[in-house]
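Going down the list, the sequences are from chains A and B.
Heads up: the first sequence at position 282 corresponds to 416 in this note's numbering, and the numbers run straight through without jumps.
Heads up: the second sequence at position 70 corresponds to 204 in this note's numbering, and the numbers run straight through without jumps.
Bear in mind the hints are in silico, worked out from the structure with no lab data behind them.
Warning: the hint list may mix true and false statements.
No copy is singled out in the list; a pair is fine if it fits within one copy or between any two copies.
Pairs of lysine to any residue, SDA-like flavour, derived with a Cα cap of 20 Å [said to hold, decoys possible]:
id	residue 1	residue 2
1	K242	A219
2	K511	G361
3	K242	E216
4	K242	S218
5	K345	G442
6	K344	E443
7	K444	Q257
8	K272	A219
9	K177	R222
10	K249	L299
11	K406	S218
12	K242	T350
13	K191	H155
14	K345	E298
15	K473	S410
16	K191	E380
17	K344	I503
18	K444	H161
19	K444	G170
20	K242	E491
21	K392	G507
22	K174	E443
23	K345	S433
24	K406	G507
Protein chains: 2
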Amino acid sequence: MIYLDHAAATPILPAVIEALHNAQSEHFANASAAHGLGRKQLKEVENCRQIFSKILKANDEDQLIFTASATESNNLLIKGLELSAGDRVLYCQADHPSLEMPVRSLEKSGVIAEKIELDQLGQVDLNQLAERLDSSVKLLVLGHVNNLSGCIQPVAQVGQLLSELAPGAHFHLDAVQSFGKIELASSYDSLSLSSHKIGGPKGAALLHLKKEIRLTPLLDGGGQEGGLRSSTLAYPLIKGFSLAAEQILEGQVSCYEKVSLLNGYLREQLQKSHRSLQIPFEQAQTSPYVLMFIVPGISSDVILRHLGEKEIYLSSSSACSSKIKAKNPVFSALGLPEKYHKNVLRLSLSGGTTEAELELFLEEWRRLIADIGYLFKA
Amino acid sequence: MIYLDHAAATPILPAVIEALHNAQSEHFANASAAHGLGRKQLKEVENCRQIFSKILKANDEDQLIFTASATESNNLLIKGLELSAGDRVLYCQADHPSLEMPVRSLEKSGVIAEKIELDQLGQVDLNQLAERLDSSVKLLVLGHVNNLSGCIQPVAQVGQLLSELAPGAHFHLDAVQSFGKIELASSYDSLSLSSHKIGGPKGAALLHLKKEIRLTPLLDGGGQEGGLRSSTLAYPLIKGFSLAAEQILEGQVSCYEKVSLLNGYLREQLQKSHRSLQIPFEQAQTSPYVLMFIVPGISSDVILRHLGEKEIYLSSSSACSSKIKAKNPVFSALGLPEKYHKNVLRLSLSGGTTEAELELFLEEWRRLIADIGYLFKA
């Protein structure tokens, strides 16, 4: 099997699998229980929180809240701020639906949701953003790396503009596709991370709240996580998540170099495979872990099926929008002409992706193009 | 180690640990991905849903939504109904905070939250309930088995009263402490289940929606779970949860008989251990899996510490209210005089609890009473 869909979900790292197995076998108590087993487990959870605290250079007054998904982290932040009618919230075109949809859900209470467009490089249009910013903007949400295009957003510049033109606004950053892959951003007020994108288990995520911000919880109950996220703490998942975070950060620099070379090589070879193949975003603006390309005239579904038969797995869109079949609004937002929306493919790599795997993929790819390349339309 | 706190969290069943290990090692794809690995995983998730569908005798139009915790299931239902100002919601005194707190959170939008009291047997006061019911009641939430007292609520009678006196009201039942232990209730509109109370992993739960009810989701995003709970599906947890459900139901009848005998024996021996020891609720009204008792004059914390040193783990209150130190409103609601609030202990058993374990506990208990029994106050 050659798995090239790491932006959707990653295999769990071997050390993390072991840690999960150990925690799930041995450490079953409830971390809120008053007895020794419970207290021990709570201490372990706090150790995990400490790991993230160091990684994120959190201050003492910061809050690090473990949740079950980055979608939950994003919803908790966006809905938990309890914005008022007339408040403006900016979100970015083509970002993950767990950013856009919660913002749009606020519209029913009179909050004004405004979309910021992308420029030709797939990045936030900073001029448009500057024009939109004033004191009525209470929140801006942004994905650090776009899950489909791989485009890296100019987070520092966005943060700078916000502090100049809308200093009261909250800046929420979704770092799901960037954490452990490219340099950590710092100019945010809150940040979402996800475990299963970095070699950890599904069902664990984090919300880092930088300032002393009051949020209204989505989940009321036993008062865990400082009252911000009631639910029995899922210690095994939290343990696996924090271990994965440590490991991915340890290898970040070397993996970045390796994956950049692989990305460059893939671009070159794909481009060579057929003159009509298009790669809409330059390597300079994108994370090397994501590579989007277009095969005009050939259905991406057909390609996925062909490659799937050879146990090669890539993606035609994000997992979270895989059901959209016709015109894809995210592709429109990324500036891709509608006639190509059914011809988009995404390769997403991990630090563990090898050159040999890519050679096997390319071999199969060339064979496929030799077979059906005549279908290409310029 | 002798673990007698199964109402807080259970050890994961051996077969479930193996299934988790297998799923976490092998099945890492995103169930929303369009490729073969994703589709296979989604099919597996649907198989798990089918298991619950059969168990709960769900109809085709029912919705079974996987969540991360029963707290989330309860919040999703209670908040998702989007009740209006003036609507009345009834909740039950002494129920788990994940039922009461979400209901209370609705008060800020003008919903009227009303507490139903318990009678001397620790059960819903049906006369009081009947008096309160009319067409302005839109929701009643109830825990099937109280997590502290073990008292079983008369669900069928509550359902009957509702259908007669408030036929438009939604009946939400929290079956976290009853599922797989006592007979399944059926007269509900929605039901919450939790994985880690039945030998499954933490981080998985279910909401069964019986009628075609429109809920507003707490988590907006990729649209998973029919749009009601966006987030990447945590397949390994869902798999472990459904396997645990099958296993606990398979053994339910025989375990019930065994645990009933153990409970009776424990009651007898505890009562014998000191004449001042009190057992506030009769076995006839309670689940045999939970046994609450009172040691007047002796701090439950001291006892927990003593027993903890011998690796015997029980509880003084629920894990979700373990931080409450003085007057405990849940104990008041259960009719326990305030002078005993620091003297409450809870034993909670599982189908795997053995007589030998209880003998070791009782041996240690008698030794403890011999040492500090003089502290008892009548």
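Evaluation of the provided hints:
Taking the shortest alpha-carbon separations for K242 and A219, both the intra-copy value of 9 Å and the inter-copy value of 16 Å come in at or below 20 Å. Taking the shortest alpha-carbon separations for K511 and G361, neither the intra-copy value of 57 Å nor the inter-copy value of 36 Å comes in at or below 20 Å. Taking CA atoms no more than 20 Å apart as the test, K242 paired with E216 passes in both settings, with 12 Å inside one copy and 12 Å between copies. For the identical chains of this complex, K242 and S218 are neighbours both inside a copy (11 Å) and across copies (14 Å), given an alpha-carbon limit of 20 Å.
Taking identical chains as interchangeable, the C-alpha atoms of K345 and G442 are never at most 20 Å apart, the minima being 46 Å within one chain and 39 Å between chains. Proximity of K344 to E443 under the C-alpha cut-off of 20 Å is found in neither arrangement, the shortest distances being 47 Å within a copy and 40 Å between copies. In this assembly of identical chains, the alpha carbons of K444 and Q257 never lie at most 20 Å apart, being 35 Å within a copy and 61 Å across copies at closest. For the identical chains of this complex, K272 and A219 are intra-copy neighbours only, at 11 Å inside a copy versus 27 Å across copies, given an alpha-carbon limit of 20 Å.
Proximity of K177 and R222 under a CA criterion of 20 Å is satisfied in neither setting, with 40 Å inside one chain copy and 41 Å between copies. In the homo-oligomer, the alpha carbons of K249 and L299 lie at most 20 Å apart inside one protomer (17 Å), although the nearest pairing across protomers, at 48 Å, exceeds that limit. Taking the shortest Cα distances, K406 and S218 never come within 20 Å of each other, neither inside one copy (54 Å) nor across copies (62 Å). Both within a single protomer and between protomers do K242 and T350 lie at most 20 Å apart by alpha-carbon distance, with minima of 18 Å and 12 Å respectively.
For the homomeric pair K191 and H155, neither the shortest alpha-carbon distance inside one copy (29 Å) nor that between copies (33 Å) is at most 20 Å. Within a single copy, K345 and E298 get their C-alpha atoms as close as 18 Å, which meets the 20 Å cut-off; across copies the closest is 52 Å, which misses it. Within a single copy, K473 and S410 get their C-alpha atoms as close as 14 Å, which meets the 20 Å cut-off; across copies the closest is 82 Å, which misses it. In the homo-oligomer, the alpha carbons of K191 and E380 lie at most 20 Å apart inside one protomer (14 Å), although the nearest pairing across protomers, at 45 Å, exceeds that limit.
Taking identical chains as interchangeable, the C-alpha atoms of K344 and I503 are never at most 20 Å apart, the minima being 50 Å within one chain and 50 Å between chains. In the homo-oligomer, the alpha carbons of K444 and H161 lie at most 20 Å apart only across protomers (18 Å), although the nearest pairing inside one protomer, at 40 Å, exceeds that limit. In this assembly of identical chains, K444 and G170 lie within 20 Å of each other by CA distance solely across copies; the values are 11 Å between and 52 Å within a copy. Neither within a single protomer nor between protomers do K242 and E491 lie at most 20 Å apart by alpha-carbon distance, with minima of 48 Å and 56 Å respectively.
In the homo-oligomer, the alpha carbons of K392 and G507 never lie at most 20 Å apart, since the shortest distance is 30 Å inside one protomer and 69 Å across protomers. Taking the shortest Cα distances, K174 and E443 sit within 20 Å of each other only across copies (13 Å), while inside one copy they are farther apart (48 Å). Proximity of K345 and S433 under a CA criterion of 20 Å is satisfied in neither setting, with 47 Å inside one chain copy and 40 Å between copies. In the homo-oligomer, the alpha carbons of K406 and G507 lie at most 20 Å apart inside one protomer (12 Å), although the nearest pairing across protomers, at 85 Å, exceeds that limit.
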